[in-house]
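There are 2 protein chains.
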Amino acid sequence: MSDQLVISVDAMGGDHGPPVVVAGVDLALDRLAGRSVRFLLHGDRDRIDAEIVRRPRLRDICEIRHTDLVIASDEQPARAMRRGKGSSLWNAIEAIRAEEADAVVSAGNTGALMAISKLILRMMGGSDRPAIVAPWPTLRGVTAVLDVGANLDCDAHQLLEFAILGAAYYQAMHSDGSGRPPTVGLLNVGSEDMKGHQEVRDAHALLREGDFDFDYRGFVEGNDIAMGAVDVIVTDAFTGNVALKTAEGMARFFATTLRAELTSSWINKAGAMVASGALKALKARLDPSSVNGGPLLGLNGTVIKSHGGADASGFANALLVAANLASSRYAEDIARNLARLAPRQAGPDAGAMSEPAQ
Amino acid sequence: MSDQLVISVDAMGGDHGPPVVVAGVDLALDRLAGRSVRFLLHGDRDRIDAEIVRRPRLRDICEIRHTDLVIASDEQPARAMRRGKGSSLWNAIEAIRAEEADAVVSAGNTGALMAISKLILRMMGGSDRPAIVAPWPTLRGVTAVLDVGANLDCDAHQLLEFAILGAAYYQAMHSDGSGRPPTVGLLNVGSEDMKGHQEVRDAHALLREGDFDFDYRGFVEGNDIAMGAVDVIVTDAFTGNVALKTAEGMARFFATTLRAELTSSWINKAGAMVASGALKALKARLDPSSVNGGPLLGLNGTVIKSHGGADASGFANALLVAANLASSRYAEDIARNLARLAPRQAGPDAGAMSEPAQ
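These protein sequence lines map, in sequence, to chains A and B. Counting in the numbering used here, the first sequence runs from 175 upward without gaps. Counting in the numbering used here, the second sequence runs from 175 upward without gaps.
The set of hints was computed from the structure by calculation and includes no laboratory data. Worth double-checking, as some hints may not be accurate.
[What the hints assert, rightly or not] Every beta carbon over 12 Å from chain B, so not counted as near; a handful from chain A, in silico:
#1 Asp-200
#2 Thr-241
#3 Lys-259
#4 Glu-274
#5 Ala-411
#6 Arg-514
[To be verified] DSBU-like, lysine-lysine: derived pairs with alpha carbons at most 30 Å apart:
#7 A:Lys-454 x A:Lys-443
#8 B:Lys-454 x A:Lys-443
#9 A:Lys-454 x B:Lys-443
#10 B:Lys-454 x B:Lys-443
#11 B:Lys-454 x A:Lys-454
[To be verified] Simulated restraints, written as ranges between beta carbons of each label pair:
#12 A:Lys-259 x B:Asp-248: 56 to 62 Å
#13 B:Lys-443 x A:Ala-272: 56 to 62 Å
#14 B:Pro-355 x A:Arg-510: 53 to 59 Å
#15 B:Met-447 x A:Gly-315: 50 to 56 Å
#16 B:Gly-483 x A:Ile-441: 29 to 35 Å
Where is the CB? At the ideal position from N, CA and C, for every residue including glycine.
Okay, chain A solo, but in the shape it has when bound:
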C-alpha cells in the first residue's frame, strides 16, 4: 500500500445507509485536513451515487464497489456468516484482507461484523471474540472501556488481553505525546485485593506480576469511569455493556430533567436563554456521537464499528478513528505485548462463535 490511506466502508450499514455514510465521508474529509485518503464504498451503486453527485469533491476519492446483498440489522450472526458472502459488510472487510484498504468502518449489524471480521481476518491473540472499546467522555478527557461487546463470560487471561488491547488503542488514539504509558484499571466492586469474584482477582494478580507497556493501577470502581481515574478500564462485556447503557440512560435523564427545570417558569426560561451558549456546550460534551467509533480489537486488521443510529457527524468521527488507528503503531504494540503472554497463555481454543451480546 502507498502512503495514501484507504478506508473501506460498508455504505449500507446503520439505520440510515448511504445518505448518512456519504455525508459522513464528506465531513471526515474536512477533519482529515489535507491527509491523502481514499474511500471504497460498498453497497448499492445507485443509492450511493445519488449522494456523491451532490458532493462533487468526493467523486475522485470515492470508489463505489457495487453489491445488491445487504446483511439486515437483525440477522443472526451465524446466518450472516453462512449467506453473507458478497454483502456490503463482507466485501468491506475482505478489502482489508486483500490489502486493498487499511481499515474498515461499518454501522451495520454488530454481531455479523464481529463474526465475519473474525472469519476473514482471524484473531491475533488467544481471545475467542473481538473486544469492543467504548471511548467514554470523562472529566479528564476520554477513558477507553472494554469489553462492551460479546465476551460476556471472561476468564483472567481474557481480561489480561483486554488490558493489552485497550492500552495499545489508547496509546494510538489518545496519547498526550508525553511518552507516559497509559494507565490501566480493572473494574471491580471495591479497591481491596480480596474484593470481587475469582476472575477479576486472578486477572489482578496476573496484571500486577506481568511486564507490559502500560501502567497497571489496580482495581477501579464504577464511579471512577466518568472521573477519568485511569486511561483504560478493563471488564467483561456483560458488565461493560450494562455500565455503558446505564450511563447513556443517565445522560438522557439529566438532559430531560435539566430541560424540564429550565422551562418550569418564565424566569428560568429567561436564564436559560441568557446561558444558552453554556447549555449548548454542555449538550455537545454529553453527546455520545461526538466520540462515536469503536474499534473491534484483537483482529488482524483495523475494524471500526459505528453506532447504528449515528448521524453524519458521528459517522465522520468513526472514519477518523479508522484513519488514526490505521496510521499508528497499535498493531505492533499489541503483538509485542501478546508475545510476552505466550509462555503462560495455554489459551482456550479460538473456537466457533456463538451469539454475541449486541
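Using the hints provided, position chain B relative to the given structure of chain A.
This is chain B only, laid out in the frame that chain A set:
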C-alpha cells in the same frame, strides 16, 4: 409491640456518628408527621446525650442504650462477627430479635451489618446473603434496583428471589395505591430471549413460568434504569454495584461540567443566576441522599442501611424508609411468594458468609 413504632438506631455508624444520627432523628420526626414513634439509640451515652440536650423534644422519645464498643468502618465482617457482640451495631439489631423494636437503621460497616443481621435474624428464603436494594431516581419516579450488595455470583434461583424481595419492597414503599402490581425486569445486555449468560436466561425462564404477585416484563437494559421502564430491576450484585457507581460518577460528571460551563463567561454566569431556582431544583433531584436508605432484604426483620457519608437529611430519609417498611405488609408478601418457590427451590445451603462487596 404496641401501635407505637420503635426504631432501633446504631448511633455510632457512618462517617459522622451521633451528630448526624441525632440531627437525622430530629428531622425524621417532622417528616413522620404525628405518627407515634420512639427511638432506641445505641452507642456512647455522653456523645449521644450531648446532641439530644440541644433538642429537648427528643428527650422523651429517645432512649439511649449505652455501649463503648464500636465496629470500625473498615473492620472485616468475619472479625466483626467474632468480636462485635455488644457493639452499637450488634445491639441495634438484637433489639429487633428481642421484639423491642420494629426496624433497625445503621450507617455503619455494610459487611458487618449484613453478617451480623444474618447471624442474629436469619434469612427468610434460600439466599445466602441479604440483598441490598438501591432506590434509583428515574424519569418516572423511583426504580428499585437489586442486588447492589454482596451476592456477586448469582444463580437463577437467587435472581428469582431478588424479584420477589424487590417487588414486595416496591409495593410497600412506592406503590401508587392503584392496586397495580409492581413491574419487574431482569437486567441484561439485550432484550431477546437468547441474550446474556446462562444465569439470566434461566432466571428469565423461571420468572416467565412462575405465578407471583408482580408483573414480570422480561429483560431490560442499562438505559432502562434511569428511564424508569419498570418498577423493580433484578441483577447480581457485581453488575448492580458497577451500574450504581457508574451512575454516581455520571451525576458528578454532569454537575461538574454544568458548573464549568455556567461559569465560563459573565453572560453564562448571569443566565445561571437568573435560572438559579431551576438549577437548585435540579441539584435536589440528582442528590442521592434524597433517596438514602437501602433495606437489607431477605432477613427476618427490617434492617436499613444508610450511606456512611449521608447527612442528617439523608439519615432522616433512612429512618422514614424503616418506619414505612416496618408498618407495611412486605414481610408477609415476601413469605407468601417465597412459599410458591418451595417445590422447585432445592436451594444452595445458606452457608457461612465470606467477604461482601461493600
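Verification of the supplied hints:
{"no.": "1", "hint": "Asp-200", "in the structure": "holds, 30 Å"}
{"no.": "2", "hint": "Thr-241", "in the structure": "holds, 28 Å"}
{"no.": "3", "hint": "Lys-259", "in the structure": "holds, 24 Å"}
{"no.": "4", "hint": "Glu-274", "in the structure": "holds, 34 Å"}
{"no.": "5", "hint": "Ala-411", "in the structure": "violated, 7 Å"}
{"no.": "6", "hint": "Arg-514", "in the structure": "holds, 29 Å"}
{"no.": "7", "hint": "A:Lys-454 x A:Lys-443", "in the structure": "holds, 15 Å"}
{"no.": "8", "hint": "B:Lys-454 x A:Lys-443", "in the structure": "holds, 14 Å"}
{"no.": "9", "hint": "A:Lys-454 x B:Lys-443", "in the structure": "holds, 14 Å"}
{"no.": "10", "hint": "B:Lys-454 x B:Lys-443", "in the structure": "holds, 15 Å"}
{"no.": "11", "hint": "B:Lys-454 x A:Lys-454", "in the structure": "holds, 19 Å"}
{"no.": "12", "hint": "A:Lys-259 x B:Asp-248: 56 to 62 Å", "in the structure": "holds, 59 Å"}
{"no.": "13", "hint": "B:Lys-443 x A:Ala-272: 56 to 62 Å", "in the structure": "holds, 58 Å"}
{"no.": "14", "hint": "B:Pro-355 x A:Arg-510: 53 to 59 Å", "in the structure": "holds, 58 Å"}
{"no.": "15", "hint": "B:Met-447 x A:Gly-315: 50 to 56 Å", "in the structure": "violated, 30 Å"}
{"no.": "16", "hint": "B:Gly-483 x A:Ile-441: 29 to 35 Å", "in the structure": "holds, 34 Å"}
Taken one by one, the earlier hints fail for this structure at numbers 5 and 15, listed in ascending order.
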